[in-house]
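In case you want the letters, here they are:
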Amino acid sequence: MKRANIKALVGFNTARRRIFKVTAIAACILALSGAAPFGMLDAQAAVGKAEKTSLKFGFIKLTDMAPLAVAYEKGYFEDEGLSVTLEAQANWKVLLDRVVDGELDGAHMLAGQPIGATIGIGTKADIITPFSMDLNGNAITVSNAVWADLKKRLPMMKDGRPVHPIEPKYLKYVVDDYKKQGRAFKMGMVFPVSNHNYELRYWLAAGGMNPGYYDPANGDTSGTIKADVQLSVTPPPQMPSTMEAGTIDGYCVGEPWNQQAVFMGIGVPVTTDYDIQKNNPEKVFGVSKKWADKYPNTLIHVVKALIRAGYWLDEQNNKNRLAAVKMISSPDYVGADEKVLANSMTGTFEYEKGDKRPAPDYNVFFRYNATYPYYSDAVWFLTQMRRWGQIPVAKPDSWYIKIAKEVYRPDIYAIAAKELIAEGKMKASDFPDFATETGFKGRQGGFVDGIVFDGRKPNAYIDKFKIGLKGNEKPR
Amino acid sequence: MNMTTQTALPGWQRLMTLVLPRTGGESVFRMLFRGIAPPLLGIMVFLGLWQIGASHVHTSLGTLPGPAAVLKQAGNLYQEYRDDKAREAAFKARQKLRKADFLAQHPGQEYDAIRYTGQPTYLDQIFTSLYTVFVGFMLGTIIAVPLGIVCGLNKTIQAALNPLIQIFKPVSPLAWLPIVTLVVSALYVSPDPMFAKSFLISALTVTLCSMWPTLVNTALGVASIDKDLLNVAKVLRLSTRTKIMKIVIPSSLKLIFTGMRLSLGVAWMVLIAAEMLAQNPGLGKFVWDEFQNGSSQSLSRIMVAVFTIGFVGFLLDRIMHTLQQMASFGQRTE
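Heads up: the sequence lines are chains A and B, in that order.
Residue 137 in my numbering sits at position 137 of the first sequence; the count goes up by one each step and never skips.
Residue 24 in my numbering sits at position 24 of the second sequence; the count goes up by one each step and never skips.
So that you can see chain A by itself, here it is in the shape it has in the complex (with noise of 0.2 Å):
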């Protein structure tokens, strides 16, 4: 009997024996896949070293370089094992020359700029983008002169201030005025393939003001063809001193150009792009393809350093940005003075002196998934550039969502990503679901004008402007 039983509890515990080993080793199996997503036993070794590691990046003096100096300053490239110079640049075009001709390794670029160098629009070089900087961040100042003209005709509010988000049809009062004058209005932009040169478009145009066409076909990049507002480019940091000098009336770029221009008592801001596109792709991280190629690694390790300082400046709803502010101050990043970074970065923003509006948010760098590269965001300035004549020729729907595919890459976003939540430096929850995320936002509102964008028919988009080439239309 008691051997029955022993020989029953022997086999009995042989099977559970078996059980518990399968078990275990299933669980083993279903942990470490879980902690290396690519069956390999150690995290780290899934992306592999960086194969370069010493890297310069370049920059310009705006307050959205804010996440190259985090990463840099907190340590997060450190712990990539990389070794970053950062370097200011002199302005947009010699950035891009120099990512180009191998000098500097990736640079904070504007969201277009890839785009534009891909397709041919100045430079031509194939640039990618696998991380988007930040969100908004751009206003639209103009000079003393054109507020007193402007004030003049917007409604005021019961404590005597004006209404803000003011609507572009008040200036076009002013241009008028202009006009009858025989004088120009002139406005500055940082690019020609930058946001700002695009929102201060589609502004003016949803006030009815022509702000010129390009004709690159016939030689003329100067997109002033019929316009009723002359736009021209300038370097950042020497916005407001031209605008002092009177070469130009308003101009539209990023922080801190315009609270120093209110600083300066030069000029009056008078709307934030937030309130000409809710929550905008402003600056991207650029790197050149053959550079990518050759060093898949190495730009793996760096985006996932910059999506942890992304994280850190948005975190606890912007209780670092304080820290972030007197960071970048340093002469060595932005140097201008903190009292006039600290507005914009910490929620608010200076209108006429002494006129602060909330602006919660100015800069988002983390939030509403603002570190991933959407391919809509992409066909949303493609459609721009068609509209106002930078690309000469009507594309089917299919070229833009190539071209978009082509540049902005959220695969490497997504490797990059999955990494860190692997190393547990960030949770899932704070990305989007890869595994249903297609790339394109669905249909977008929130434009000054009351357009929808829907990313997948930029035709159909481009044919719904007022003012803007529509369909095979040219310049002339």
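By construction, these hints were calculated from the structure, which means they are not laboratory data.
It is possible that some hints are incorrect.
Computed cross-link-like contacts, DSSO-like style, restricted to lysine-lysine with a CA-CA straight-line distance of at most 27 Å [as the list claims (entries may be wrong)]:
hint: 1; chain 1: A; residue 1: Lys474; chain 2: A; residue 2: Lys464
hint: 2; chain 1: A; residue 1: Lys52; chain 2: B; residue 2: Lys197
hint: 3; chain 1: A; residue 1: Lys457; chain 2: A; residue 2: Lys402
hint: 4; chain 1: B; residue 1: Lys99; chain 2: A; residue 2: Lys52
hint: 5; chain 1: B; residue 1: Lys85; chain 2: A; residue 2: Lys326
hint: 6; chain 1: A; residue 1: Lys278; chain 2: A; residue 2: Lys319
hint: 7; chain 1: A; residue 1: Lys52; chain 2: A; residue 2: Lys418
hint: 8; chain 1: B; residue 1: Lys92; chain 2: A; residue 2: Lys52
hint: 9; chain 1: A; residue 1: Lys49; chain 2: B; residue 2: Lys99
hint: 10; chain 1: B; residue 1: Lys96; chain 2: A; residue 2: Lys425
hint: 11; chain 1: A; residue 1: Lys457; chain 2: A; residue 2: Lys441
hint: 12; chain 1: A; residue 1: Lys93; chain 2: B; residue 2: Lys197
hint: 13; chain 1: A; residue 1: Lys74; chain 2: B; residue 2: Lys92
hint: 14; chain 1: B; residue 1: Lys96; chain 2: A; residue 2: Lys49
hint: 15; chain 1: A; residue 1: Lys326; chain 2: B; residue 2: Lys72
hint: 16; chain 1: A; residue 1: Lys56; chain 2: B; residue 2: Lys85
hint: 17; chain 1: A; residue 1: Lys464; chain 2: A; residue 2: Lys278
hint: 18; chain 1: B; residue 1: Lys169; chain 2: B; residue 2: Lys254
hint: 19; chain 1: A; residue 1: Lys93; chain 2: A; residue 2: Lys289
hint: 20; chain 1: A; residue 1: Lys56; chain 2: B; residue 2: Lys96
hint: 21; chain 1: A; residue 1: Lys418; chain 2: B; residue 2: Lys99
hint: 22; chain 1: B; residue 1: Lys197; chain 2: A; residue 2: Lys294
hint: 23; chain 1: A; residue 1: Lys425; chain 2: B; residue 2: Lys99
hint: 24; chain 1: A; residue 1: Lys49; chain 2: B; residue 2: Lys92
To be clear about the criterion: a stretch of chain A counts as covered by chain B if any three or more of its residues have a C-beta under 8 Å from a C-beta of chain B, and this derived list gives those stretches [unchecked claim]:
hint: 25; stretch: 48-61
hint: 26; stretch: 85-96
Some, not all, of what chain B presents toward chain A, calculated at C-beta under 8 Å [claimed, not checked]:
hint: 27; residue: Gln119
hint: 28; residue: Ala196
hint: 29; residue: Asp289
hint: 30; residue: Glu290
hint: 31; residue: Gln292
hint: 32; residue: Ser295
Ideal Cβ placement from N, Cα and C applies to all residues, glycine included.
Dock chain B against chain A, hints included.
Chain B only, in chain A's frame:
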């Protein structure tokens, strides 16, 4: 005039009379005073006028900074240098910890150390500028001196090259820069470059603009050698190499050095402009970045840079002057 007797002077004054040149009867003190007092007075008056004048000029960044503000910024720049050294030390300490951690976790593997990359401090920028100007100047001298000798000896070549020299001499560095940038970008392609492109572009622009005074003066010096000396060379049937090394160069050394001194002055001025646009991390880039910063301290810092540039230029000139003295076999030059 006083006739001071030597024996009446105390010991140290007697020493001074040995070191200083003959005074022709004046007291040493008087001579020293006359040498130092006017420049000192000039500087004091300038500082005074600057302080008063600056506070009356209102720019959109505040009033123009006076000498006190500029001095404060000079102190700040030095402090930033010290801070950078501290950061580097902290970085090295962190790296040590990381290495220890890494080796503990992965024994036997090699740890890839990363190096410290701080922003170039003001002192680094001064050295970068000096190094770049030196390279550009040397390159210019190596091209200009042989060419000048050839021009001086051969009237036909001189006549042939003269129009080219006259046309390229007045071209501003800012006009050369785009061309040099494009050429360097096209020709200097290497996966692991030894020199930064910005450095090459700045140095080449310096060469292009600064070699002309050396070239012209060398040609002039060689052309004005005493004809008798050249006849001696013909009589002795000296080879061309011996003629150049033994007769031509020693005779024209004074003018060659004059040319080089002028060239160095031009080179230093051109360098600052070239650096601003080529983004070579030297003093020119410092000034440009400060201008872009637009902070309330920017103007003071730019003025510190202005004085630094002036002072370094003065030192460079003095060095060339000394070399010129040495090459002139005692003839006084100014």
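Hint check:
no.	hint	in the structure
1	A:Lys474 x A:Lys464	holds, 17 Å
2	A:Lys52 x B:Lys197	holds, 19 Å
3	A:Lys457 x A:Lys402	holds, 13 Å
4	B:Lys99 x A:Lys52	holds, 19 Å
5	B:Lys85 x A:Lys326	holds, 20 Å
6	A:Lys278 x A:Lys319	holds, 22 Å
7	A:Lys52 x A:Lys418	holds, 22 Å
8	B:Lys92 x A:Lys52	holds, 20 Å
9	A:Lys49 x B:Lys99	holds, 15 Å
10	B:Lys96 x A:Lys425	holds, 22 Å
11	A:Lys457 x A:Lys441	holds, 12 Å
12	A:Lys93 x B:Lys197	holds, 16 Å
13	A:Lys74 x B:Lys92	holds, 15 Å
14	B:Lys96 x A:Lys49	holds, 19 Å
15	A:Lys326 x B:Lys72	holds, 20 Å
16	A:Lys56 x B:Lys85	holds, 20 Å
17	A:Lys464 x A:Lys278	holds, 19 Å
18	B:Lys169 x B:Lys254	holds, 22 Å
19	A:Lys93 x A:Lys289	holds, 18 Å
20	A:Lys56 x B:Lys96	holds, 23 Å
21	A:Lys418 x B:Lys99	holds, 26 Å
22	B:Lys197 x A:Lys294	holds, 21 Å
23	A:Lys425 x B:Lys99	holds, 20 Å
24	A:Lys49 x B:Lys92	holds, 21 Å
25	48-61	holds (count 4)
26	85-96	holds (count 7)
27	Gln119	holds, 4 Å
28	Ala196	holds, 7 Å
29	Asp289	holds, 5 Å
30	Glu290	holds, 7 Å
31	Gln292	holds, 4 Å
32	Ser295	holds, 5 Å
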